[in-house]
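A.B. asks: According to numbering that gives the first Met the number 0, the sequence shown is numbered sequentially starting from 0.
Heads up, a few of these hints could be off.
[As the list claims (entries may be wrong)] Listed next, the in silico SDA-like pairs over lysine to any residue satisfying Cα-Cα at most 20 Å (straight line):
hint, residue 1, residue 2
1, LYS86, LEU17
2, LYS86, PHE43
3, LYS86, VAL74
4, LYS86, GLU35
5, LYS86, GLN39
Keep in mind that the hints were calculated from the coordinates and are not lab data.
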Amino acid sequence: MNARTSTSAVTFLHPFMLSGVGSVLPAGTYTIETEEELVQDMSFPAYRRVATSIFLPRGAGSATVLMQIASIDPVELQVALDRDGMKGTS
């Protein structure tokens with residue numbers, strides 16, 4: 000099975016929340032990783048998303064945790080980004 004992973008960065012200007020994380024995250028730039036697998040038996044290459052993750056900075060006061068990774072819903076991430084862009088506009 001062929002798989003591929005892509006990495007991107009998203010920036011939030013305001014604190015936000017994602018259900019896969021369970022707490023409010025501060026504004027900032029976050030790394031997003033998307034894993035996809037090749038769909039078999041197609042006449043052309045097509046990929047299906049199997050996982051989307053966000054890399055979180057270590058928690059305050061945690062000397063042992065360098066980084067956390069949480070599985071997230073990519074649709075929910077896009078909604079949060081859209082909301083973030085709409086804040087401050089009236």
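A.B. asks: Confirm or reject each hint.
C.D. replies: Here's how the hints hold up against the structure:
1. With a C-alpha separation of about 17 Å, the suggested pair LYS86 and LEU17 falls inside the 20 Å cut-off, and the hint holds.
2. With a C-alpha separation of about 41 Å, the suggested pair LYS86 and PHE43 falls outside the 20 Å cut-off, and the hint is violated.
3. About 19 Å separates the Cα atoms of LYS86 and VAL74, which keeps this hinted pair within 20 Å; it holds.
4. Proposed proximity of LYS86 and GLU35 is contradicted: the alpha carbons are some 32 Å apart, above 20 Å.
5. Taking the CA atoms of LYS86 and GLN39, the gap is about 42 Å. The hint is violated against a cut of 20 Å.
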